[in-house]
Structures are given as C-alpha cells and as structure tokens.
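Visitor: Residue numbers (our numbering), protein chains in the order written: chain A, 74 to 422; chain B, 74 to 422; chain C, 74 to 422; chain D, 74 to 422.
It cannot be assumed that every hint is accurate.
Which copy? The list can't say, so a pair holds if one copy fits it or any two copies do.
[Claimed, not checked] In silico lysine-lysine, DSS-like type, Cα no more than 30 angstroms apart, as pairs:
(1) Lys415 to Lys157
(2) Lys288 to Lys415
(3) Lys167 to Lys78
(4) Lys78 to Lys288
(5) Lys167 to Lys157
These are computed hints drawn from the structure, not numbers from a lab.
Fair warning: this is a prediction, and the values are worked out from it, not measured in the lab.
There are 4 protein chains.
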Amino acid sequence: MAEVKRVGMLTGGGDAPGLNGVIRAVTMKCIEDYGHEVVGLKRGWKSLLDPEQDTVMPLGVEDVRYILQEGGTILGSSRTNPYKKEGDPEKVVKQLEEFGVDALVAIGGDDTLGVAKRLHDDFGTQVIGCPKTIDNDLSATDTTFGYDTAVSIATDAIDKLRTTAKSHERVVVVEVMGRHAGWITWGAGLASAANVTLIPEVEPDLDQIASIFEKRAKSGEKWGLVAVSEGVTLSEEFMTQNAETDEFGHVRLGGIAETLAKEIESRTGIETRHVVLGHLQRGGTPTAYDRILSTRYGLRAAEAVNNGEWGKMVALRGNEIVTVDLSEATDETKTVPNDLYKAAETFFG
Amino acid sequence: MAEVKRVGMLTGGGDAPGLNGVIRAVTMKCIEDYGHEVVGLKRGWKSLLDPEQDTVMPLGVEDVRYILQEGGTILGSSRTNPYKKEGDPEKVVKQLEEFGVDALVAIGGDDTLGVAKRLHDDFGTQVIGCPKTIDNDLSATDTTFGYDTAVSIATDAIDKLRTTAKSHERVVVVEVMGRHAGWITWGAGLASAANVTLIPEVEPDLDQIASIFEKRAKSGEKWGLVAVSEGVTLSEEFMTQNAETDEFGHVRLGGIAETLAKEIESRTGIETRHVVLGHLQRGGTPTAYDRILSTRYGLRAAEAVNNGEWGKMVALRGNEIVTVDLSEATDETKTVPNDLYKAAETFFG
Amino acid sequence: MAEVKRVGMLTGGGDAPGLNGVIRAVTMKCIEDYGHEVVGLKRGWKSLLDPEQDTVMPLGVEDVRYILQEGGTILGSSRTNPYKKEGDPEKVVKQLEEFGVDALVAIGGDDTLGVAKRLHDDFGTQVIGCPKTIDNDLSATDTTFGYDTAVSIATDAIDKLRTTAKSHERVVVVEVMGRHAGWITWGAGLASAANVTLIPEVEPDLDQIASIFEKRAKSGEKWGLVAVSEGVTLSEEFMTQNAETDEFGHVRLGGIAETLAKEIESRTGIETRHVVLGHLQRGGTPTAYDRILSTRYGLRAAEAVNNGEWGKMVALRGNEIVTVDLSEATDETKTVPNDLYKAAETFFG
Amino acid sequence: MAEVKRVGMLTGGGDAPGLNGVIRAVTMKCIEDYGHEVVGLKRGWKSLLDPEQDTVMPLGVEDVRYILQEGGTILGSSRTNPYKKEGDPEKVVKQLEEFGVDALVAIGGDDTLGVAKRLHDDFGTQVIGCPKTIDNDLSATDTTFGYDTAVSIATDAIDKLRTTAKSHERVVVVEVMGRHAGWITWGAGLASAANVTLIPEVEPDLDQIASIFEKRAKSGEKWGLVAVSEGVTLSEEFMTQNAETDEFGHVRLGGIAETLAKEIESRTGIETRHVVLGHLQRGGTPTAYDRILSTRYGLRAAEAVNNGEWGKMVALRGNEIVTVDLSEATDETKTVPNDLYKAAETFFG
C-alpha cells in the first residue's frame, strides 16, 4: 500500500438522499482519524476528463459537518462514462495524477462502480467503491442508502391521497419509482396500506385488481389506492387501446399509471385517477435511517482507504458493513423475491 | 325564523383540507351551545336526489371530536347539480322535508353555493353557505381553508426538488394546481424561493425565463426551479411544436410543465425536467392554520343557523368571520392582483 | 429624506422562524429595485456598542436567496439594550456613522423597537422597524411571523402525544410557550383538538378541568390532552402543596404543567404525565405561511427605507402591510380576547 | 399442536410506534391465510385478571386495515404482571379458557414476554411472543420496531434546535430517551450531527465536552448541540452542586440535561439551555421503516401460531424474521457496543 496522502472523492449517476452523509463520513474520518487530506472532484467522472475551474474542491471537517441533513450531493454528478470512448480511461488516470490524488473513493451505481473496477484492473488505480442506488437493487449490498427516504416519500404521498380518494369515492393509481426492480413500490405499498401493489417482477393480473375494487365497492367502500412501479408493463396492444385523442387531434399515450387507471375505471365503473410521483422521491432531507446508514458506509470506506483495500467496495451484510470485490457491483439486479411479494399480497383488498 | 330542530350538512365539489374542521365546528357548536340536532347528508346534493341507505348520518359530539386532523370530508361529495335537470330542485326540497331537516349548511365552491342560493330564492330553503375552494379564488372571502395546506404541500415538493436539481445541474419545472387563478402557485413559488413563478394571470415571457437561467449558468449555478400553474397557457402552435413522437409512432402532446421544460432546455442548453404535483395538493392532514380557519368558519355558520340568517354564507373579511349574501359566492373569480405578482418578481433570478 | 446609500439591518431579542425571510426580502428589494447597498450588523444592538471583526456582513442577492427556508437569523442576536447605560445611545449613533450606515432596519420585539424609537426621537436616526414576536402579542400588528410555525410545532407535538395518551389511558399536560399572552397555546389547543386549553388570560378552573376528565372516563375514554401556557399561574400555596421530595431529600417544585398534572391525577385518579415543549417551538424551518408573511413584511420595510419613512414600523392590518409609528411597538400586550377563548371552550370535553 | 380456532392478542408495557402494525399483520394473516378467528384482549395481562365489558375485542380484516398508520395500540396496555401475586397466573390461564382463546400472541417488552414464558412453562399455555421496546435494547432481536421512529423524532427535534442555538450563540443540551441503553440517543446524535453525544454506557468526560465547545468558540462558532440519554449519571455530589434555590426557597435538583447544561455554561461561559424530549418520542405515526418491520414481525408471529411454535418469540436476525425461544426475551440488556460509540465520536466537535 502506497502511503496515502490525498484522497479524492466523486459521486456519479443519479442522486440519492444520503450521498452527503457518505461524503461527510469519509472526509471527517480520513482527516480526524488518519490525517489524510481530502478533495472532492465535482461532477463525477467528467471531472477527470473535462476538469473545470471548480472541479477540485478541498474538503475540511467544518465544510462537511452539517451537510448530513442535505439531500443531493455537494460534489455534483454526471452520467459520463470514461470507458465509452477510446483513450478516455488513460486521460482519467493521468488527471488523477495531475491532481495528486493517491486514493479515489467512487460513490455511485453499477455504471460508476463498473468504471472504478476497470480502472483498478487495467491501471492499478487505488480506488474504493461505495454503492448507491435509490432502488435498492444492487445484489452486492443488503440495503442501499436513499431507499428508506424514497419509500418514506412515496408512502407519505399515498397516505395523502387516501383522504381525497375516500372523500370522492375514487381509485387513485400512484406511479412509484422502480424501473427494473419493485423495491420502492413494494415498501411504499406495504407501508401505506395500499389496496394493491404492482411491481415489475410480477405480471399484473387485471382480473384480480378489478375484482378487489368490485368487492370493496360491494361492501360500501367505493375507493382505493394502487401503488404501481414505473417499470410495470402491459402489452403494446393494451397500451394503445387506452390511448386517447387530445383536443388538438393528436393521439396521446399514457404511462403505466394512467393506462391502468383507465382500465380500472372501465372495468369497475369507479372513477379512477392517477398520479406520477417522479423526481420527488429522490429529493429532500434523508431520513434518520439513511443518515445513519450512509454515515456507516462512509466510515468503512475511509477505513478501506487507510487499509489500502483497493478494488473493493463497501457493502452492508446483515448488520455489518464489510468490503467486497468491486466486481459484485455489476452483478445481477436484485429484484423483489417472491416470498416478499406474497407477504405484501396478504394485505391486498 | 322557524324553530330549528334538525340541522343537515353536506359538502359538494372537490375536497379541500379543512372540510372536516367545518363539519366538526358546526356539529359541536350546534349541539353544545344551542341544543340542535345535527345530521350529515352524504355525497353532496346527490344525497337529496338519490338517497342511499347511508345517506343520513347522525352526528354527535364524539363522532366529530377528532376528525379535525383528517383531510377529506367524512360526508363524501359529488359534483351533482340539481339545477341541471328539470324537477330536480323540487325533489331536493321535498327530500329535505322527508329527512326532517330544518336548516341546511352547504359547504362547497361556487357551484354548490350557487345551488344553495337558488334553492333559498326559489323555495325559501333555510340554508347557510360555507365557501370552499383550495384555489383561494372566491372573491367573497379573503382566504379559504385548504389553501394554506395546498401551498405548504407544493412548497415542500419544490424544496425537495431543489437538492436534486442542484446536484444534477438541471432546471425542474413544477406544475402546481390553479386553473383560473394562480394563488397556490404564487404562494408556493414565493415560499420555496423558486427562481421563476408563472401564473395564469400573466402571460409567460419565454425570453425572460430563458435569460434568468442563462444568467444563473454564467455565474456557475446551472440549475433552478420553476413553479407554473396548470392553467398557464401558450399558443397552440407552440404546444404542437413541442410535441414528440412516441415509440409507437403516436404524436404525444405534453402539459404546460412538460412543454415549458422542453422549451427551456432547447433555449438554454440546460437539462430540464418536469413534475406534475396533481392531487397530492388536495390531500392529507390540514395545516394548523387551516384547522383553525375552518373551525372559525364552522363556528360562525352554526351561529348563523341559530340566528336564522338564511340565504347567507360565512366569509373571512380581514380578521373577522362575517356573513354575506350567498350571491357573492358566484362573483368573479378572484385572481392574483398585479402588485402581488410584482412582489414575487422581486425574487425571480 | 437624505439620499440612502447603505442600509444596515439587525435582529434583536429572541429568534422567530421567519427572521431570515425578512432579511432576505429587505436585501433583495433594496438591491434589485432601488440600487441600495445592504449590510448586516451581527448580534443586535451589541453590534453597535461592541463591534467584532465579523460584525459588518455585506449582503448580496445570492447571499440571501435561499435563507428563506432557514429558521433562526443569519445576523445573530443579543438582548443588549443601549438605553440601559448612559452614553451608550450616543455610542450607537456614532458607530452607525462610522459604519457608513444611512438607514437602519431593526427587526425585533418591543425592546428592540423601543430602542429604535428612542434613537429616532433623540438623535433623528433614520430607522425603520419590523416587529417580531413568536407570541403574536404585539398590539401594533395583526399577526407576527413565527407564530404560525410555533403553533404548528406545538400542534404536531400534541397530536403525537395523543396516541400514547390513549393507549395508556393517561392524561398528558403539555406546557406550551406563552408567558403573558396565550396565543400560541390557544392556537395549538384549537388545532390539536386538546380536551382542555388553559391560557394566562383566564384563571384555571380546576373543578371544570377535573370534571371534564371524569366525564370522559365515565364514557370509557380514560385519557386526554391538556394544553397549558407556561405563563398560567396558580397560587403559591397550591404550587407548594404539589412539590415533592426527591431521592436526595430535596424539595422539588414543578412547573405549571407538572403541578397541574399532579393535581389532575389526584382529583380524577387517572394517571397523568406532563411534557414541556420549550425551545422546540422557536426552531426549524418556517411554515409556508410564515415564509410568505415575513417576506411581505420585508418588502414593505425596504419600501419604507426607500421612501424615508423614518420612525415607522411595518405592520399587518387585515390583509395589508402598512407602516405605523414605532411608538405602537411598545403598546399594551395583545392578549387573547374573551370571545376567542369562548370559541375554544366550545371544544373542551 | 391442538387445532387453533381462536387467537387472542394483547400488548403490554409502554407503547411503541408499530404496535398496530403487528396487530394488523397478525390479524389479517390469521384470518385470510389460515382461517383462524382473532380477538384482541384489551389492556395487557390485566385483561385476564380483571376483565371489563370491553376486554374482548373481535378483530376483522377491515377493523385493522388502516391502523398501520396509527401510533399507540388499539388494544391498550397495562403494566400488570400476573406473577406478582400468588394465584394470579392460574386466574390468567382459566380466563383464557373461558374466553375460548386457543393461542395467545403477547406483544411486549421483557416483562410481558417473561410472563408469557412462565405461563408456557408452568401451564403449557400456547403462546407466541413478539418483542417490543422503543429502546432497541433486547438482545434477542437485532432491531425492534418503534426504534426508528423514536430516533427520527429526536433527530428532528435536535435539527429544529440547531437554528435557534446558532442564532443565539448558545449550547443546547437535549435529553433523549434511554435509561439503560443509549441506542436512541446514539442514533439521534449521529443523525442530527450533534456536537457531542452522551450515552449511559460511557461515563461522560466533562473536560472533553467543555474543550469541544471552547474550541468551537475560538473558531467563531459559539454554539452547539449535545444529545444526552436520560440514563446518563453523574455523581450525587455533582448533581447537588448544581442544584439551585427556587423563588420559594426550595432547593431544586435538575435532571441530567439541566445539570449538564449548567456545568457546560459554568465551564465555558457560553449560554446553555436544556430541553427534555420525553414522551414525544413514543408517539405519532410510525415511520415507513417501522411500519414495514412491525408488519414483518406480525406476519411471522401469525405463521408461528399456525405452526404451533409455542413458547417461541419472533426476532429479527440480519434480514430474516425467525423464531427463538421466549427465554431470550429476558436476556441481558443489549447496550451500545464500544465500536459504535467510537464511530459516533468521530463526529464530535
């Protein structure tokens, strides 16, 4: 292990509440416990291909002490991938040298960590990874930070919609984040007592959905809430069937929530609306859980830097934060297992 | 004034946080202070045209004591207007008699109160009105309940989006409720420090908007937030220009937020996204302000019932809740005056 | 009116959510609309008696753009009163000159504004006042900023305590801010559906309180919530009666909430606890309502500076922010009028 | 395993957010998946010694569907322990028979579960336990429900106090729940970026605390936050030294927060205040995390009932909910291990 002097840190890809918690913990531990110097590299991998005047951001203890409460990332981000263009990886390595960075902490999803892995393998770059995905769909780690916050925001939104759905005797279909895996939707559906929860892992059973609301209507409750992942799909035929012609004569296709809403209304006769939560789920202050989890990830990453555990990433296994090989970052998407979905089904109705 | 024995209450039209506060205050004051009996009539005017088994809902003090915290309305609602069909007004009057209702408290927007007014004028129905509109656009009253809650929800959403916008160096355009008047958007834009706020009362100046974000970008802040009312319009030509062809070959038109977002991105080169808040703004627990305001409205309505102030509605004038003629309910829409918009413009940038 | 070049601003006394909103609005309007220069003077009147290196804080538009969401005051505060010591007022005037401050905006309670008034009268100091008190007890203005936030925090706390009180069949007495006037307690008691609300303006009727809980217990609800202002008093004899001897042999007197709790338990036999909310009510992000109100106060203060309305203070009258003479700041405490308390009593039980 | 027909459920001891989640999950799974009948037994073990008219509460799916969002417990509670008095255990067993209860789910802390264990051992009572403690100090299970909510409430309170502490240049000492173990305080201190966190497991170092604030003051930050568990102790001598004489001539001893506050002020010269959070931490709606965790506990308890796993309790081990022997409920208190405290110390300053 080369003697570490200057630790560089970057955040890549979409943001997740808790990024600043990781940045803070890495910074404070590296400085206070190990005596290293820490600099932020703004805007993800782009910082090392196309540096700007503000790219290198020296980080001191007091610079980061109170960023824990802030969503987003003080280091900005980009979706730049150096491995997309020939010669770029070499540029990255060279730039790290020019910046005098001895160790790099890369915080990001499978793209960001995939790049970190390759730089380590191809050039021996001294890098530690920290996984980040609001979707909680990285096999490598049990729970990712930002997930709890996203679930909380979606849960709160569905709770808010309940009163209006009940008052107006409507069904409201809420589109929740989750393109490939339904973790956020599963969590929010469970925590909000949604009447039906639909995730990409399971094909929607339109008959089952309709009959749930018909049964509720028969017993006097002509309303309800559906939580559906954005990644749930129905056949193209079905989607087109439900398109409508707008006031300008254009045919307008809806998203999954809107399409499902029309289908539910047409099958059950209950007025149905839809809401798309979108980017709201990424933002705002992290929950206490995410502040603590991201802090723990960051502490272990700082330790890995100090130990020279290059080519590793931090991961939560049970109650422990450990290090595992960066290759695990690009493992299969972790989808919601069938038993957890069945557990949620107990509460449909 | 006939001796009042049984007070009926109904809520019509869209829901607004605070409806239960009115219901609660009318019920508790009528019973405890005046010794009247109170019944809820479920589902708005429909309750008197098409009564169901659960239409008449006896209300006691303990039934309503803790509904103050609940959004929505325990009396349900409908958009039914008895004056749409001949003979229906007579049916309503007859049904009120059959239910033994001596006095009716109608809580709703201009439609609901318009019906109340006509029943009073045409048949001498003993009715008191209480205005309700989340949009705060009733000339008759200074502030409507539910408005503060809607502004708070929209403000909180824009605050949440700020961190993600800043981290990703994007502009996010947020579509806020407000079809004819921009009160909610004005309030939320002001309270969330949005960089630009657009309301239906003022034609959007696309050059001004683009230049604000270009100026921010020049000074290193390549991001921002725009709050726009759903009722803001741009020319059909403009809307069509920004339509896109979807994966199925259909031309898809966006809403105002989506269209503006594309325009801003195309003019400034800054990545721009949009979010539509929709029904989230109607739901959930009312703010403390709305709980207090709705309670005050309800107390005065109960007093008006006891005094026999038929054909009146309660209204907030400055700091007092007074009664005014029900005809004021259907006065012009109260739009955001120019000086308040200019005040908001001070903060654009 | 002398030509205004440099506007100084200070905040004195206790903090209130919304102070930063005022600071922001004064700064942005003075700079953007009038071309004035703005400096903050840190730590209230102390800044002009005992300046430190960081006392003068130049304020630019981008320095304040996002402070609206923050509680507290970026200008710090002090309880220093220059009129307490001979020669100090002269020092203040001289220091303002040395700092090149042409116009002073003083944001504070009756102490701070009282000083502002005297400096204006005695020395012709060009000062504008902006009233601040979380207690909403300034006669001069209809509603002060920070009040809505304090009520919201107290309401939320009482709502939280309801579930635990009900589960354990206890009465919980909650001590809310309000030494001389019961506005916050009145508001929170009303908004939280507390079973009893006690304010300094009205002598507590212990028999009434006990009988309310006895009646609730008889009907199966052996629990409840009491909201009591810190400024409610009972006789010394009564307070001493309820003191207890601690584990070290010391006699320990409780506060009003604790003492009342013991009395209720002893009279009714229902287990009773107490909670003192304290400083929690001053802190945190202002509500949307307070952000808007404080912004409106600040805009009008900036206008008053530009107009040279020296010796005035801004005030809310109905829906308008106007200017009134600074002497009104030290008028009688505005207490909760009897009719508003009677309105609240409707809901006791 | 006798064929289960009627499942009884009770909740004992202090309440914790999430109890209703357990009750709901047990009820819905027992009824929907297994066809069992479920009744609630109100007021803990007291229900079986001193039954009242409302003690037995039949629970159907729709009775519990939406209680997930509610704090507290719909089954009430008591601190009654049948093993305190001779003959009472026999009464309990007899009463269970008379109520026709075949299987009992006991949700509570070590007292409640200790009784469950003994009834099983002494009489063969068919009982399943579910652990409950907001303090997260049961060795038997990795995380208890209600803990995340308590940490979130305390974190939010400390965040609120930060702005007022900073504005007034004060130190605020916040007393957080935790008599024997400092989990809640540790979590809240970490998540709120408190400058110092003190837990019962570690003797407070007053010199360290004072020097942290002196150092902050030297660098211009004359303020800060301290999170301290209620169970932290200092010597009697120390506590008495800091007692004060009240206006009635009585010597008044403070709690740990108040005493520490005085000590910090006297050592550093920085104005210091204290706040006791108390019962606020138990109440209100559970976080999404706690709703999900409590639901998972309840599902596994229902399964255990169906399987006849008598004398067991459900427990979280890593990511799995398993069953373990009820004897583990009364194992040693799980205190905060030294490495987690050291992790928190990284952030003191």
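Visitor: Please work out whether the CA atoms of lysine 415 and lysine 157 approach to 30 angstroms or closer within one copy, between two copies, in both situations, or in neither?
Guide: Neither: 41 angstroms inside a chain and 43 angstroms across chains, both beyond 30 angstroms.
Visitor: Indicate which option fits the pair lysine 167, lysine 78 if close means a Cα-Cα distance not exceeding 30 angstroms: within, between, both or neither.
Guide: So lysine 167 and lysine 78 pass the 30 angstroms test inside one copy only (17 angstroms; across, 52 angstroms).
Visitor: Between lysine 78 and lysine 288, at a C-alpha cutoff of 30 angstroms, which is it: within one copy, between copies, both, or neither?
Guide: Answer is between: at 26 angstroms across copies they meet the 30 angstroms cutoff, but 67 angstroms inside does not.
Visitor: Regarding lysine 288 and lysine 415, is the shortest C-alpha distance of 30 angstroms or less found within a copy, between copies, in both, or in neither?
Guide: within (20 angstroms within a copy, 47 angstroms between copies)
Visitor: Tell me, please, which holds for lysine 167 and lysine 157 at an alpha-carbon limit of 30 angstroms: within, between, both or neither?
Guide: So lysine 167 and lysine 157 pass the 30 angstroms test inside one copy only (17 angstroms; across, 66 angstroms).
Going through the hint list in order, the structure does not satisfy hint 1, though it satisfies all others.
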